[in-house]
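For the protein sequence lines, the chains are A and B, in the order given.
Here our numbering is used: the first residue of the first sequence is 1, the next is one more, and so on.
Here our numbering is used: the first residue of the second sequence is 1, the next is one more, and so on.
Incorrect hints may appear among the rest.
Straight-line Cα separation of at most 30 Å, DSSO-like style, residue types lysine-lysine; simulated pairs [stated by the list, open to error]:
1) A:Lys236 x A:Lys268
2) A:Lys197 x B:Lys373
3) A:Lys47 x A:Lys268
4) A:Lys197 x B:Lys337
5) B:Lys120 x B:Lys279
6) B:Lys317 x B:Lys401
7) B:Lys373 x B:Lys321
8) B:Lys317 x B:Lys373
9) B:Lys317 x A:Lys157
10) A:Lys236 x B:Lys279
11) B:Lys401 x B:Lys413
12) A:Lys236 x B:Lys337
13) B:Lys206 x B:Lys195
14) B:Lys373 x B:Lys413
15) B:Lys401 x B:Lys120
16) B:Lys48 x B:Lys279
17) B:Lys317 x B:Lys413
18) B:Lys195 x B:Lys279
19) A:Lys236 x A:Lys157
20) B:Lys48 x A:Lys197
21) B:Lys413 x B:Lys321
22) A:Lys197 x A:Lys236
23) B:Lys413 x A:Lys236
24) B:Lys352 x B:Lys337
25) B:Lys401 x B:Lys321
26) B:Lys48 x A:Lys157
27) A:Lys47 x B:Lys279
28) B:Lys279 x B:Lys46
29) B:Lys279 x B:Lys206
30) B:Lys413 x A:Lys268
31) A:Lys197 x A:Lys47
32) A:Lys268 x A:Lys197
33) B:Lys195 x B:Lys46
34) B:Lys337 x B:Lys413
35) A:Lys197 x B:Lys120
36) A:Lys236 x B:Lys46
37) B:Lys352 x B:Lys413
38) B:Lys279 x A:Lys268
Honestly, the hints are just simulated from the structure, not real lab data.
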Amino acid sequence: MSRMIRRNSVRWCVFALFVAFGLCALPAMAQGNYEIQVYGADTIAPKSTMVELHSNFTPVGQKKFFDGVYPTNHQEHETLEITQGINDWSEIGFYVFTSLQDGHGWQWVGDHIRPRVRVPDSWHWPVGVSLSTEVGYQRAVYSQDTWTWEIRPIIDKSAGRWYFAVNPALERTWHGPDVVQGIGFSPAAKVGYDFTKVVSGGLEYYADYGRITAVSALHDQQQQLFVVTDLNVSPKWEINIGVGVGATASTDHWMVKGILGRHFSWVKQSQVD
Amino acid sequence: MVTRRRFLELGGISTVSSALAFGAGELAAPDYSLEIAPCEVEIGPKRKIRTVAYNGQVPGPLLRFREGQPVTIEVTNRTENAEVVHWHGLFLRSEVDGAMEEGTPMIAPGARTRMTFVPKPAGFRWYHTHTAANGDFRKAQFSGQHGFLLIEPRENAGAYDQEIFLALHDWDGQMLASDDGSMNASYRYSTVNGKMVGFGEPLRVKDGQRVLFHILNASPTEVHWLAFAGHVFRVVALDGNAVPSPAVVSMLRLAPAERVSAIVEMTNPGVWILGEVRKHVQAAGMAIHVEYANRSGNASWEQPQSLIWNYEQFAAKDDGKRDESGVVEIPLVFESKFRGHGAADHWMINGKSYPDTETIALTRGQRYRLRFKNRSLDDHPVHLHRHSFEVRNASVGGAQKGLMKDVILVDAKTEAAVEFTADNPGMTLFHCHQQDHMDNGFMMLFRYV
Numbered sequence: 001m002s003r004m005i006r007r008n009s010v011r012w013c014v015f016a017l018f019v020a021f022g023l024c025a026l027p028a029m030a031q032g033n034y035e036i037q038v039y040g041a042d043t044i045a046p047k048s049t050m051v052e053l054h055s056n057f058t059p060v061g062q063k064k065f066f067d068g069v070y071p072t073n074h075q076e077h078e079t080l081e082i083t084q085g086i087n088d089w090s091e092i093g094f095y096v097f098t099s100l101q102d103g104h105g106w107q108w109v110g111d112h113i114r115p116r117v118r119v120p121d122s123w124h125w126p127v128g129v130s131l132s133t134e135v136g137y138q139r140a141v142y143s144q145d146t147w148t149w150e151i152r153p154i155i156d157k158s159a160g161r162w163y164f165a166v167n168p169a170l171e172r173t174w175h176g177p178d179v180v181q182g183i184g185f186s187p188a189a190k191v192g193y194d195f196t197k198v199v200s201g202g203l204e205y206y207a208d209y210g211r212i213t214a215v216s217a218l219h220d221q222q223q224q225l226f227v228v229t230d231l232n233v234s235p236k237w238e239i240n241i242g243v244g245v246g247a248t249a250s251t252d253h254w255m256v257k258g259i260l261g262r263h264f265s266w267v268k269q270s271q272v273d
Numbered sequence: 001m002v003t004r005r006r007f008l009e010l011g012g013i014s015t016v017s018s019a020l021a022f023g024a025g026e027l028a029a030p031d032y033s034l035e036i037a038p039c040e041v042e043i044g045p046k047r048k049i050r051t052v053a054y055n056g057q058v059p060g061p062l063l064r065f066r067e068g069q070p071v072t073i074e075v076t077n078r079t080e081n082a083e084v085v086h087w088h089g090l091f092l093r094s095e096v097d098g099a100m101e102e103g104t105p106m107i108a109p110g111a112r113t114r115m116t117f118v119p120k121p122a123g124f125r126w127y128h129t130h131t132a133a134n135g136d137f138r139k140a141q142f143s144g145q146h147g148f149l150l151i152e153p154r155e156n157a158g159a160y161d162q163e164i165f166l167a168l169h170d171w172d173g174q175m176l177a178s179d180d181g182s183m184n185a186s187y188r189y190s191t192v193n194g195k196m197v198g199f200g201e202p203l204r205v206k207d208g209q210r211v212l213f214h215i216l217n218a219s220p221t222e223v224h225w226l227a228f229a230g231h232v233f234r235v236v237a238l239d240g241n242a243v244p245s246p247a248v249v250s251m252l253r254l255a256p257a258e259r260v261s262a263i264v265e266m267t268n269p270g271v272w273i274l275g276e277v278r279k280h281v282q283a284a285g286m287a288i289h290v291e292y293a294n295r296s297g298n299a300s301w302e303q304p305q306s307l308i309w310n311y312e313q314f315a316a317k318d319d320g321k322r323d324e325s326g327v328v329e330i331p332l333v334f335e336s337k338f339r340g341h342g343a344a345d346h347w348m349i350n351g352k353s354y355p356d357t358e359t360i361a362l363t364r365g366q367r368y369r370l371r372f373k374n375r376s377l378d379d380h381p382v383h384l385h386r387h388s389f390e391v392r393n394a395s396v397g398g399a400q401k402g403l404m405k406d407v408i409l410v411d412a413k414t415e416a417a418v419e420f421t422a423d424n425p426g427m428t429l430f431h432c433h434q435q436d437h438m439d440n441g442f443m444m445l446f447r448y449v
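Only chain A is shown next, with the shape it has when bound in the complex (with noise of 0.2 Å):
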């Protein structure tokens, strides 16, 4: 009987989205937004491919040049995120990051690659686990922090009809003006409620604190609360909408985003397999 996990390609579906938005949120003022995901713990199953296109849109957003970077209103992001996995407890995620802006038309804006490991289905833990990490290069008209790498681990628990995922991201900026600030903390959440077996609706958080060390005052802070809902229609497919709205003066006022998934298996399963 198989046990590909639907549930789980919804969870880190929305999960995986919120890595970039990490990314480029790292200053204050900076741009980002390209995925907006809260990861779930787990992985691709081997032999096989995710794709995922997140578009997200700022219907309110800066509307001023910040120090060379291109303001966020009425941008729109289309991000490519083409996850393969490798083992039952492995896989790597690749993004291409793109921008469409009248005045700017459709632009590149940069591309990340991010293995994850996982704690394996066999070590039983009451909690689903893994880590992940993502490096990456963006132009920089979209983000002053051209190179960036980031650290985030997962946690995610189903209870009933209840989801829960925490994602303490942690940052750091290998090239950009943010190389002096250190390691930033952008952490990300997620609470679901599954009110059939197609529709869930939940709450997803997002926010960068700053440093680690020193963080910033809640004016320079970003932090964003989504309400989305994700429709389970088919194991090979995933979808997550949600519209978000931003808390703190430095961050982007209104956002729509949206992930369109699906699930490609390279190995033809017989009935002997």
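Chain A is fixed; fit chain B onto it per the hints.
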């Protein structure tokens, strides 16, 4: 309605009383003794499982009864939980059948009980715990509490040179999300007679022998497929009952609690694998080596490419001439109720879960047809206690007759029908034999008026 938990408590009290009576030393020695106790079983190299088993072994000791000859069994519970032993496939009184839902007293922790009954019908039966696991994968049928039971007919039938008993089991389970959005049990290890493939002694046979295999699927939840490389099975009985049309097959399918008795002609000397057809299950350990005398070397396996099985091939053709006017039909619809992606589904029969399911009244001597409609996405091995039924329509195959069983697998989104005669008064349990389904409401009772 008495809940399962409440019944455990009540049953426990009853059993303690029995234990005190036996303490007086007034009774003669029993024919068999079973001790239910924690133990450690080594299923493979450096793979030990802490479990609960009968007499410290998995499977438990083979019990051989003579049909119609009273037998006394003493059961001691050395665990911390109330226990009960179900005599699967026997026509017993409800008080000793081994299901607290029917009224069998539970055996309290530390208590001892003794039961005497007249075993029938003849055939390959088995015994196992009939408690609730409630999500604990070390309890109930997830443990090692299962054993073979053979009721010898008064006149022995069957020409064979050797008899071999095999029990399939899955270990170290957990609930994982599945493709259909529900939680399902998944296992790390699978064994034959408590051992993973290559660990333990092979089955030893001789060229030219006719070996009668009695195979039991004692898995708590999983259907298993078996093939014997280089050999075929001649199936002579299902669930211990002789089939109307013995047939030669290349593989066997056993749903949880099902049994197959099959003759194998040992005409292909060598060292072979008898094991699960599906690669990932065999890789988890479910296979055993079969070694011909004076043969050695690596065991050979021939991988089948498809799964083939149906009940119909062993049944007699239904010519439609049987008078069915007196048969009372009881429709039973199986459905699941979603309780979240992080929880097992709740199961319902005719819209209700046990203990809220309807207790249907039976009239002694009446013939009944249970018409199963499985609307769920899971296959269900359903079991009727204290009776055998005749398979009239299986999920795959048309009308049939003469095939007597006590478990039938009703495939997802299919229908099946069985008939039985109400000839054993007393409370009678009907349930899915998947442990997690039982625990989540897939049970109901019949009562006699």
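Please work out if Lys236 (chain A) and Lys157 (chain A) have their alpha carbons no farther apart than 30 Å.
holds, 22 Å
Given the hint that Lys120 (chain B) pairs with Lys279 (chain B), test it: the Cα-Cα distance must not exceed 30 Å.
violated, 38 Å
Is it true that the CA of Lys197 (chain A) sits at most 30 Å from the CA of Lys373 (chain B)?
holds, 22 Å
Verify the proposed pairing of Lys236 (chain A) with Lys46 (chain B), using a straight-line Cα cut of 30 Å.
violated, 38 Å
Sort out whether Lys206 (chain B) lies within 30 Å of Lys279 (chain B), counting only the CA atoms.
holds, 28 Å
Holds or violated: Lys195 (chain B) and Lys279 (chain B), Cα atoms, limit 30 Å.
holds, 17 Å
Below or equal to 30 Å on CA atoms is what counts here, so check Lys373 (chain B) against Lys413 (chain B).
At roughly 8 Å apart (the allowed maximum being 30 Å), Lys413 (chain B) and Lys373 (chain B) satisfy the hint.
Taking only the CA atoms, is the gap from Lys48 (chain B) to Lys197 (chain A) under or equal to 30 Å?
violated, 38 Å
Mind checking the alpha carbons of Lys236 (chain A) and Lys279 (chain B) for me, to see if they're no more than 30 Å apart?
holds, 24 Å
Are the Cα positions of Lys48 (chain B) and Lys279 (chain B) separated by 30 Å at most?
Given that 30 Å is the threshold and the Cα spacing comes to 23 Å, the pair holds.
CA of Lys197 (chain A) to CA of Lys337 (chain B), is that 30 Å or under?
Distance ~10 Å between Lys197 (chain A) and Lys337 (chain B) Cα, so the pair holds.
Pair hint outcome, Lys413 (chain B) versus Lys321 (chain B) [Cα-Cα no greater than 30 Å]
holds, 29 Å
Figure legend: structure checked against the earlier numbered hints; hints not met, in rising order: 5, 9, 20, 35, 36.
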